[in-house]
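Chemist: Chains S and V supply the protein sequences, listed in that same order. If you count the first sequence from 1, position 116 lands on 115 in numbering that gives the first Met the number 0, and the numbers rise without skipping. If you count the second sequence from 1, position 63 lands on 62 in numbering that gives the first Met the number 0, and the numbers rise without skipping.
Rather than coming from a laboratory, the hints here were simulated on the basis of the structure. Because the structure is a prediction, the values reported are computed rather than measured. For each residue, glycine too, the CB sits at the ideal point set by N, CA and C. Certain hints may be false.
List time: in silico DSBU-like cross-link candidates among lysine-lysine, alpha-carbon distance up to 30 Å [as the list claims (entries may be wrong)]: (1) S:K490 <-> V:K65; (2) S:K239 <-> S:K557; (3) S:K526 <-> V:K141; (4) S:K486 <-> V:K35; (5) S:K486 <-> V:K60; (6) V:K60 <-> S:K490; (7) S:K570 <-> V:K35; (8) V:K68 <-> S:K239; (9) V:K143 <-> V:K48; (10) V:K98 <-> S:K486; (11) S:K505 <-> S:K436; (12) S:K391 <-> V:K35; (13) V:K143 <-> S:K391; (14) S:K391 <-> V:K141; (15) S:K526 <-> V:K60; (16) S:K448 <-> V:K60; (17) S:K143 <-> S:K327; (18) S:K539 <-> V:K123; (19) S:K143 <-> S:K189; (20) S:K486 <-> V:K68; (21) S:K323 <-> S:K183; (22) S:K423 <-> S:K583; (23) S:K557 <-> S:K436; (24) S:K141 <-> S:K168; (25) V:K63 <-> S:K490.
Interface residues of chain V toward chain S, partial, derived using beta-carbon atoms under 10 Å [unchecked claim]: (26) F14; (27) Y20; (28) G23; (29) K130; (30) Y133; (31) P135; (32) L138.
Beta-carbon label-pair distances, calculated as ranges [what the hints assert, rightly or not]: (33) V:D107 <-> S:D589: 54 to 64 Å; (34) V:R114 <-> S:D589: 28 to 38 Å; (35) V:E108 <-> S:D525: 32 to 42 Å; (36) V:S44 <-> S:F381: 29 to 39 Å.
Each chain, letter by letter, is given below.
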Amino acid sequence: MGTNMTNNNDHQRLEKIVNIMLEMTKIDDSDLLLDKLIEGALKLTNNTKVSIMLLNHLTGDLETIRESSPIVVDNNRKLSSDVGITGLAIQDEEPIKVSYFSHHKWKRQKHYVEQSSDTHSEIRLPLVIDGVTVQVKTELKKVKGASKTLGILNIESPDFDAFSQEDEKQLSLLARHAAILLDKCDSDTKINQLRQIERYIAEEKNYEQIMEYIVKSITETLKFNFVNISLIEGNYIKTKHISGIRKKQQKEFKRMAFHSLDSNDIQADIVKCKKIEVLDSNDPRLDPKIFEKFGHKNLIRVFIPMIEQSTNRVLGTIEAGYPKEYRKYIYKQDIEILKNFVNYAAQTLERRKTDLIDRITHEFKSPIVGIRSNASFMQRRFNELSDDLITKKFNDIIIDSEILLYQIGKLDYFMRGIKQQQTKIEKIFIFRDIIIKTLKQLRPTIIAKGLPFFNIDYPDNCNRISIYTDRAKINQVVYNLLINSIKYAYKDPNQFHIKLEMEDKKRQLNIKFKDSGTGIKDEDRDKIFEPGFRAQEAIKSDVVGSGLGLAIARDIMKEFGGDLILTNLHKPTEFQMILPKKTKEELEHDLIHR
Amino acid sequence: MILYIDDEPRYIESFVQELGYEFGEDNIIFEPNTDKALDFFINNSQEIKVIILDNMMPTGKAFKDKPTKEGILTGIFFYERIRISQPDLPIIIFTNTSKEYICSDLDDETYRIFRQIEIDENIKKALFLQKENYFPFELVEKIKELST
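Construct all of the structure, not just a fragment, from the sequences and the given hints.
Modeler: What follows is the structure in structure tokens.
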């Protein structure tokens, strides 16, 4: 009779738990799932109070998000994942049961923290998923012991010894089942959120805003608190966006996270291998300086190459990470989601690049129209034209050709990808042959704008200054600086002024370009060097510009081991070209080894 | 009188000069500034026989609230403004921007004006020409075609 009763009881219990688990599988909303879990736990036990706590993977805090009835907490201790039996349950990923509160060994040990005096037994069951597939280096694997802990199911009873072995087993099963389903809901929610963000990105024209959306998605939706987006420019890969370090340190990080694609750095390697990789702390490809300075020891990180679909070209990388204390691995699910999102982001960035190419090629059309129309006009009306006009027209044709070469230079530089451009080092009289020559070429442009050509100053004896460098490239930089001074001059001719100064130092030559134009806003001072950026003022006065001039100019200067910096915003706007004084051999050596 | 509006005078100088040689210098008014051009049009619309209009120009105050895509389509809205007071005046849009480029990603308002321009082209009130396809003397020929 007793056995029958037990069998009946067991059968009933089994039926109960199967039903509960079945019902849970039909729910795809995480709130409803949590409610169902509470309901299920209450059904399987008698006279208990049930609560669910979820683990914050970034901070380690446990937050109570569901309670069957408010649990009276006697001492105001917040539950945390490294304290008490909760901590133990999380750590060991096994249920912890406490049966007798008053006379139990737990109380004497530091593990136990008494929550409420009503409770005489309690059980804490981890909401954990075992056998998760995680990314280890470049592969997805089922690692022994790899698990994902979502939180704790906590059940308290006023009865002593309220939970049997059998109870423990069944409740544990319930908790694990719930964990799997909650995780799936969580994934689905993340995917939906990202879809929504993808829609915003698709409508967004502003490059900066797109990058912000991408970073925000990875941090807020996917819960990676460290994000580093790097893009390839020329033969280098540079961090363009960094999140998860203090704002004050971001500039420094960007300065340091600048590596050649030929180097051994992890970013360069990911670009070469085109594979997703999760890194160990002691990977030799990690830049040790950055690692030390920004405390990367505690992070687990995944590196994902951003690949443009149609050409299979790598645009850059996205690096995402979080502290490995509460999430020891990077899970397959998250990588799958991240991968799709990264591809989408890559497509968007590539579209933006095509836009830029359109803008550059538009800049070609004007000088071509100029050359053609001048040539045709002269051809048909040659005998009617005065000598002065003929000379001017020929000069215009030459100047328009130079402008065209400048635009082609931009396109060439922009498109060059990984290959280096040809560089030819020779001795150049920088003022005589480049700066003053370019000014003369720009004379018609200055006059066409109604500005006086005579209001331009340069230093005495500058004709004698020479330096070893690549003529065409330095010409590109000088042309860009001077054309900007003209483009953004005030309309009032009395205000127009360009002044060139020089500091001839031992190891470098600094040339200052000062103009009295409309200037640059403080918030734009770094942005102006970004490819494609156009300040509001610039857009108003020059419709067709590509926003590439300064980006390319600075890249060229850095290539020679120099720099281009903005040293004053307005009245005067001042740029400094820093040219290192090196011998031909030194420069050629530098260029090969950069 | 021919009114020629373009924000890059250096590149189209030969066109303007050719018009001067053909129709008399005093009959050609060139204005590179969008707002000033609009003012001139308003004050002299009776005497203007043809307007030549670039597309990509700074919006000025007159068109800054229009969806010009930061100046790429200023000419389209200038066209609309001219038509309000001069429905039959011959207008030549003389531009570097192709129709395909303009038509990609248009909003309703802009599309409506663009359709209007196409209709006007069919009845010979307007022409949409690509600068790189015309020499100065060919532009003159087109102006003569429109005026008859």
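Chemist: Next, verify each hint and record whether it holds.
Modeler: Results for each hint:
1. S:K490 <-> V:K65: Given that 30 Å is the threshold and the Cα spacing comes to 24 Å, the pair holds.
2. S:K239 <-> S:K557: The hint holds at about 17 Å.
3. S:K526 <-> V:K141: Answer violated: S:K526 to V:K141 is near 45 Å, above 30 Å.
4. S:K486 <-> V:K35: holds (19 Å)
5. S:K486 <-> V:K60: holds (19 Å)
6. V:K60 <-> S:K490: Between V:K60 and S:K490 the Cα gap is close to 16 Å, so the pair holds against 30 Å.
7. S:K570 <-> V:K35: Holds, at roughly 28 Å.
8. V:K68 <-> S:K239: Judged against 30 Å, a Cα distance of about 26 Å means the pair holds.
9. V:K143 <-> V:K48: Within the cut-off at roughly 11 Å; holds.
10. V:K98 <-> S:K486: Holds: V:K98 and S:K486 sit about 28 Å apart, inside 30 Å.
11. S:K505 <-> S:K436: Roughly 26 Å separates the two Cα atoms, so the pair holds.
12. S:K391 <-> V:K35: holds (28 Å)
13. V:K143 <-> S:K391: holds (29 Å)
14. S:K391 <-> V:K141: Roughly 27 Å separates the two Cα atoms, so the pair holds.
15. S:K526 <-> V:K60: Roughly 26 Å separates the two Cα atoms, so the pair holds.
16. S:K448 <-> V:K60: Since the Cα atoms of S:K448 and V:K60 sit roughly 19 Å apart, the hinted pair holds (cutoff 30 Å).
17. S:K143 <-> S:K327: Answer holds: S:K143 to S:K327 is near 13 Å, not above 30 Å.
18. S:K539 <-> V:K123: violated (33 Å)
19. S:K143 <-> S:K189: Holds, at about 27 Å.
20. S:K486 <-> V:K68: The given pair, whose Cα atoms are some 20 Å apart, holds under the 30 Å limit.
21. S:K323 <-> S:K183: With Cα atoms ~22 Å apart, S:K323 and S:K183 stay inside 30 Å; holds.
22. S:K423 <-> S:K583: holds (10 Å)
23. S:K557 <-> S:K436: Judged against 30 Å, a Cα distance of about 23 Å means the pair holds.
24. S:K141 <-> S:K168: holds (24 Å)
25. V:K63 <-> S:K490: Distance of about 19 Å is within 30 Å: holds.
26. F14: Since the shortest Cβ distance to chain S is 6 Å, the answer is holds.
27. Y20: For V:Y20, the interface hint holds, since the closest Cβ of chain S sits about 6 Å away, which is under 10 Å.
28. G23: Violated. Min distance 14 Å.
29. K130: Constraint on V:K130 satisfied, holds at 5 Å.
30. Y133: Constraint on V:Y133 satisfied, holds at 8 Å.
31. P135: This hint holds: V:P135 lies near chain S, its Cβ roughly 5 Å from the closest one there, short of 10 Å.
32. L138: holds (9 Å)
33. V:D107 <-> S:D589: 54 to 64 Å: This hint holds: roughly 56 Å between Cβ atoms.
34. V:R114 <-> S:D589: 28 to 38 Å: violated (58 Å)
35. V:E108 <-> S:D525: 32 to 42 Å: holds (36 Å)
36. V:S44 <-> S:F381: 29 to 39 Å: holds (37 Å)
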